[in-house]
Amino acid sequence: MITAHTKHFDTIVRRMIIPCEIAIPGEENSRQTLSALWDTGATSTCISQEVAETMGLKPEDFTPVIGMENKTIEAPLYSIQISMGSFIIPYIQVIGLPMSSHEHNMILGMDVMVHGDVSITNHNGKTTLSFRQPSLETIDYSKEVRDIKRYTTMHMAWQKQGNQKCPCGSGKLWDNCHGNSVYLPKKAKY
Amino acid sequence: MENNIKKQILYYNEHKDDLLKQYNHKYIVVSPELQVSSFDALSEGFTYGVENYGYGNFLLKDFTTPTQQVHIISPTIARI
Ligand SMILES: [Zn+2]
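Residue numbers (my numbering), protein chains in the order written: chain A, 3 to 192; chain B, 135 to 214.
None of these hints come from the bench; they were simulated from the model.
Fair warning: there could be bad hints in the mix.
Stated by the list, open to error - Simulated pairs of lysine-lysine, DSS-like, Cα-Cα distance not exceeding 25 Å: (1) LYS174/A - LYS151/A; (2) LYS140/B - LYS73/A; (3) LYS162/A - LYS174/A; (4) LYS9/A - LYS128/A; (5) LYS150/B - LYS73/A; (6) LYS160/B - LYS141/B.
Model the full structure from these sequences, guided by the hints.
Below, the structure is given as structure tokens:
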């Protein structure tokens with residue numbers, strides 16, 4: 003099953019903090035909504051130790067965590083369920099850490115992001131964070147740029163030759179061949 | 135911090151190399167009586183642990199990811 007969630011911010015943001023529900027697996031009453039910072043610099047997802055204690059989470063392991071200033075601490079691990087909209091990870095081990103930020107009490111790390119595809123776009127002055135699972139395709143902006151250049155060159159050649167055939171030599175009509183591309187604006191076909 | 139798995143952690147630290155060799159790419163649950171069970175998924179290990187030993191009374195170790203021991207948390211840098 004494909005699931006996805008999108009957060010539209012009102013402006014360009016440099017920190018993406020979104021609501022994230024967590025719970026002890028199988029215990030609906032423990033459900034809480036945290037403010038989660040998306041952080042590609044974190045290998046693992048963390049929750050505030052204060053929240054963990056309030057929720058009654060109990061450690062099932064401990065792990066060394068290297069944080070700021072290269073300080074290493076032994077931090078507890080908890081199995082929880084994570085959900086953001088329809089995007090759900092039913093079981094994941096997260097780290098309990100002291101957090102001093104007033105803006106977030108959870109850090110979403112790469113261990114969550116690798117469950118699927120994540121995109122950050124900043125079109126029209128607004129940041130949009132969108133993610134889905136499982137991964138469906140490779141997004142490659144460099145390839146897009148190459149394709150756009152190729153189609154633009156083809157379009158110029160078609161305009162120059164002055165007939166309905168596609169200049170690629172396929173023998174097809176322009177509209178049914180390279181002219182039928184998402185990279186060309188509709189009006190460019192005529 | 136209070137926890138009920140001190141005994142299990144001690145046991146794990148003493149038998150780390152053997153456990154890792156035997157249960158590589160698995161999740162293991164270590165019971166209060168120091169019995170070891172292995173699982174392919176976190177969900178299976180967690181459910182087994184809760185049902186058999188009670189929440190908070192078992193060690194649940196992840197041997198599926200080789201880099202599991204180190205986590206880098208990046209600092210939040212704010213310009214004032
Ligand atoms: Zn063509």
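**OP:** With a cut-off of 25 Å on the C-alpha distance, tell me whether LYS9/A and LYS128/A pass.
**Re:** holds (11 Å)
Subject >> Hint consistency between LYS174/A and LYS151/A [alpha-carbon to alpha-carbon, up to 25 Å] >> reply: Holds. LYS174/A to LYS151/A sits at ~21 Å (cutoff 25 Å).
**OP:** Given the hint that LYS160/B pairs with LYS141/B, test it: the Cα-Cα distance must not exceed 25 Å.
**Re:** Holds. LYS160/B to LYS141/B sits at ~21 Å (cutoff 25 Å).
Original post:
Taking only the CA atoms, is the gap from LYS150/B to LYS73/A under or equal to 25 Å?
Top reply: Status holds; Cα separation ~24 Å.
**OP:** Quickly compare the C-alpha distance for LYS162/A and LYS174/A to 25 Å and report which way the hint goes.
**Re:** holds (17 Å)
**OP:** Would you check the hint for LYS140/B and LYS73/A, treating anything up to 25 Å between C-alpha atoms as holding?
**Re:** holds (23 Å)
Comparing the model with each numbered hint stated earlier shows that all of them hold.
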